[in-house]
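Chains as they are written, first to last, in my numbering: chain C, 798 to 1095; chain V, 798 to 1095.
Rather than coming from a laboratory, the hints here were simulated on the basis of the structure.
Just so you know, these numbers come straight off a predicted model, no measurement behind them.
Take every hint as true, because none was put in to throw you off.
Here chain C is said to cover these stretches of chain V; the calculated rule only asks that three of the stretch's residues, wherever they fall, bring their Cβ under 8 Å from a Cβ of chain C:
1. 942-948
2. 972-980
Each computed DSSO-like pair below joins lysine-lysine, with the alpha-carbon atoms no more than 27 Å apart:
3. C:K906 to C:K1034
4. C:K887 to V:K1029
5. C:K906 to C:K1095
6. C:K1034 to V:K1021
7. C:K1029 to V:K887
8. C:K864 to V:K1021
9. V:K1021 to C:K887
10. V:K1034 to C:K1029
11. V:K864 to C:K1021
12. V:K1095 to V:K899
13. V:K1095 to V:K906
14. V:K864 to V:K1034
15. C:K1021 to V:K887
16. V:K864 to V:K899
17. C:K1095 to C:K899
18. C:K1021 to C:K988
19. C:K1021 to V:K1034
20. V:K906 to V:K1034
21. C:K1095 to C:K864
22. C:K1029 to V:K864
23. C:K1029 to V:K1029
24. C:K887 to V:K887
25. C:K1034 to V:K1029
26. C:K864 to V:K1029
Here a beta-carbon is modelled for each residue, glycine too, at the ideal position from N, C-alpha and C.
Protein chains: 2
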Amino acid sequence: MTTTTRVTDLYPTRGATEVVTPRQDPVVWGSPDTPGPVSAGDLQALDRDGFLAVDQLIGPDEVEVYKRELDRLVTDPAIRADERSIVEPKSQEIRSVFEVHKISEVFAKLVRDERVVGRARQILGSDVYVHQSRINVKPGFGASGFYWHSDFETWHAEDGLPNMRTISVSIALTENYDTNGGLMIMPGSHKTFLGCAGETPKDNYKKSLQMQDAGTPSDEALTKMASEYGIKLFTGKAGSATWFDCNCMHGSGDNITPYPRSNVFIVFNSVENAAVEPFAAPIRRPEFIGARDFTPVK
Amino acid sequence: MTTTTRVTDLYPTRGATEVVTPRQDPVVWGSPDTPGPVSAGDLQALDRDGFLAVDQLIGPDEVEVYKRELDRLVTDPAIRADERSIVEPKSQEIRSVFEVHKISEVFAKLVRDERVVGRARQILGSDVYVHQSRINVKPGFGASGFYWHSDFETWHAEDGLPNMRTISVSIALTENYDTNGGLMIMPGSHKTFLGCAGETPKDNYKKSLQMQDAGTPSDEALTKMASEYGIKLFTGKAGSATWFDCNCMHGSGDNITPYPRSNVFIVFNSVENAAVEPFAAPIRRPEFIGARDFTPVK
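Isolated chain C (complex conformation):
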């Protein structure tokens, strides 16, 4: 006997028109009195704003270790040849390396670090697995940014994450100034899901890793959201981290300064929210972008 489990699509997207759906899920899934590295006040702020900045998640010595490992990876010809490496169109330099926690034991250890995975477990109220990990290098002298998007929109449409029970952490390995194309978030935008207009092309992921296309909000929607929520630019020293909810509307500008911007980016998903089939795409994305191995981080 075959059992088919139907999963309701709580967040319709990529249809004929842009559709606004109020968030159907909590932001903080853990009960407020569960002990953990995040304070009750910070959990409240995360619930309200959709993000949480941590001044020094890792110390300067650790930053050096991860930077060295990043440098090693982006200069390794074998890594460059790997499909998990994304190359900047203009400069032909490596911009991202995906699934970095499987490629590098150094980054695997970072994922397992209680300061990292402990926060994710506390926020998501369960065991968690890595839906995606990567290192990002945003070189200076004109490297382009990323246009506005909600990660969940993509992860729901193309990877099949059913609920908003997913949190990202971006750990800075270089200083984020107010000038070098840092992360911008619309605070509070995570409480509303913007279903985007337009069907997903079959190999959308290849293009969208370099620049946004399908899943892009309209000018009208962005204008409305920016006027309602404002836009916050994140700055911080190497070692600082930004935790942000999967449904935050966010983006980044280009970087004409000589200061490169490097970070490690880890997406934790609740094991109770494991990926099903894509909700709005003809095929799944590759596993190095949207994991299908739901083994909890221990």
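Based on the hints, put chain V in the right spot on chain C.
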């Protein structure tokens, strides 16, 4: 009898290699005890940093007047058809209108305003004329920025300004946030002239109004300057103004926010520094970009 005046080229540029020349001219030309709208302390700061921010150069009511006039100009089909209008490649919207003090009586009055021309006279220590004026509109949703450059490098090479006795003012007509591609300056960079490598193509100005090419500093030079001077991003409400020396190394990133950035930009040159023949270009640029009418603003 014909007299030929030879003008020494104090600032060689556009040759075979990048050449660094220490500034040969004062920054503040007026004597410190000449009364005027700029305080002695502010003149000192301008000399040191190369810029001077004025919180509210014009009031909110005036901002509205100039904004309305800007809107009128950029939506006027006759203005769009005028060669003095520069159109954004991506959006096909008007990005700048040059010689705006000749096109519009409203902006002509602003140029003559003592708060504006009075400061320029005081800083340059003489009567002044308008070398260039324009309104700039940097729409949101991905409008591109301007790469690093010194204005004087161009004005010397292509317009024939002999000395650094020229000051610009950018008056904001919309708010400059830390997110919408505002002006970035390397403080102190005005004390050193970076002569750029590479010959000037004949119609360079047409291309360079949309994006920089000839006159572009090398990555190495920018890295050195940024590490020596740092980079300051200018933010401020509508009505605020930034005065900056002609030789400041400056640029701006792109603007993915929905917030457009509009300003009036006026370049005052000393009547004692009138343009001669270009120092490093085969022909003069058009007069709407580099004036040949040296009549003092009265």
